[in-house]
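Using the sequences and the hints given, assemble the complete structure.
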Amino acid sequence: LKPALKDPMIAAAALNPRFSMETLETLAFLRNPGIKAGESRARAAIDTYSQITALDDILRQYTAFTEGLMTGVGPLKGKEPVKTNFPFPGVLSLKGEIVNQEIRVVMEDLEIARRDAITEARKAYWELLFVRKANNITLVTLGLYRRLEQVATTRYETGGTSYQDVIKVRIQRELLEEDLNTLMERQQNWKTKILEILNLPPETRIGLPENREPAKTLPPLSSLYKLAQDHRQELRRMRARIGKMGRLIEMAETMILPPYTLGFSFFEDEAVTQVGSVATQKGFPDST
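Counting the sequence shown from 1 gives a position; our numbering is that position plus 10.
These are computed hints drawn from the structure, not numbers from a lab.
All figures in this text were calculated on a predicted structure; none of them were measured in a lab.
In this text, a Cβ means the ideal position worked out from N, Cα and C, and glycines have one as well.
Incorrect hints may appear among the rest.
List time: in silico DSS-like cross-link candidates among lysine-lysine, alpha-carbon distance up to 27 Å [to be verified]:
1) Lys201 with Lys12
2) Lys254 with Lys105
3) Lys12 with Lys203
4) Lys236 with Lys254
Computed spacing ranges between beta-carbons, pair by pair [unchecked claim]:
5) Arg215 with Thr151: 24 to 32 Å
6) Glu35 with Thr168: 40 to 48 Å
7) Arg142 with Gly169: 42 to 50 Å
Following this line, the structure appears as structure tokens:
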């Protein structure tokens with residue numbers, strides 16, 4: 011079914027004349043627009059790794075190419091210190107961790123989109139199967155009521171029953187006809203829902219779901235609590251957001267508070283103004 015990713019005709023052919031739940035799930039995984047949007051956001055988030063490093067690299071290259079230029083007119087402006095060009099390594103590390111947490115958030119959003127798409131596809135499959143069976147049962151029941159109406163009419167004409175019995179049967183028959191129209195509309199609605207999930211054109215014809223029995227065994231409720239706390243995508247996304255916010259606070263504190271080094275190893279390329287009779291500042295820092 012992989013060619014159905016780009017060709018809607020292949021997806022439509024897989025749904026006719028009958029289709030299984032596994033086929034519908036696979037097509038939803040391949041063609042659902044929500045999943046595609048989540049994959050695009052995930053790729054964009056991964057690309058931010060190179061963006062945060064590229065910005066610092068461009069600034070350092072600009073400084074390296076322009077710091078040696080000394081204009082012949084105007085005041086001699088001091089070059090930018092190295093400590094402003096290359097921050098403390100902890101800040102660079104925190105930038106990467108922040109991006110990593112953001113990628114975790116986006117990846118959890120992608121898992122949520124996949125989960126919702128597959129769940130909607132399964133729900134549409136079972137609802138369509140239920141409506142189809144209900145439609146068949148209603149058709150059989152409606153045929154029996156029509157025969158019963160003929161019998162009641164014949165008995166009324168021969169004086170074997172009252173006209174009230176004929177009216178009762180006729181009312182039930184008309185109610186079943188309305189129920190049948192409602193079931194047909196519901197069947198069309200769920201087919202349209204499948205088209206929406208699979209991103210198919212509205213004129214695409216969909217076949218019938220294969221008859222299957224649902225699983226009648228359920229896991230114990232006590233074991234589901236632990237699984238939900240560990241694997242629920244919304245909880246893992248919230249944990250990633252908390253981790254990102256903690257690293258943002260840590261980076262702000264790192265940039266504001268004094269670093270772990272006293273700065274005595276920051277040698278700046280300003281030999282012309284640091285030595286000789288025209289020295290304007292000391293050659294090395296003597297205070298923090």
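How the hints compare with the structure:
1. For the given pair, Lys201 sits about 22 Å from Lys12 by alpha-carbon distance, which is consistent with the 27 Å threshold.
2. For the hint pairing Lys254 with Lys105, the CA-to-CA distance comes to about 10 Å; that is within 27 Å, so the pair holds.
3. This hinted pair checks out: Lys12 and Lys203 have alpha carbons roughly 22 Å apart, not beyond 27 Å.
4. For the hint linking Lys236 to Lys254, the alpha-carbon distance of about 25 Å falls within 27 Å, and the restraint holds.
5. Between Arg215 and Thr151 the beta carbon distance is about 28 Å. The supplied range of 24 to 32 Å therefore holds.
6. The hinted range of 40 to 48 Å is not satisfied by Glu35 and Thr168, whose Cβ atoms lie roughly 59 Å apart.
7. Our hint of 42 to 50 Å for Arg142 and Gly169 holds, since their Cβ atoms are close to 43 Å apart.
Hint violations for this structure: number 6 only, all remaining hints satisfied.
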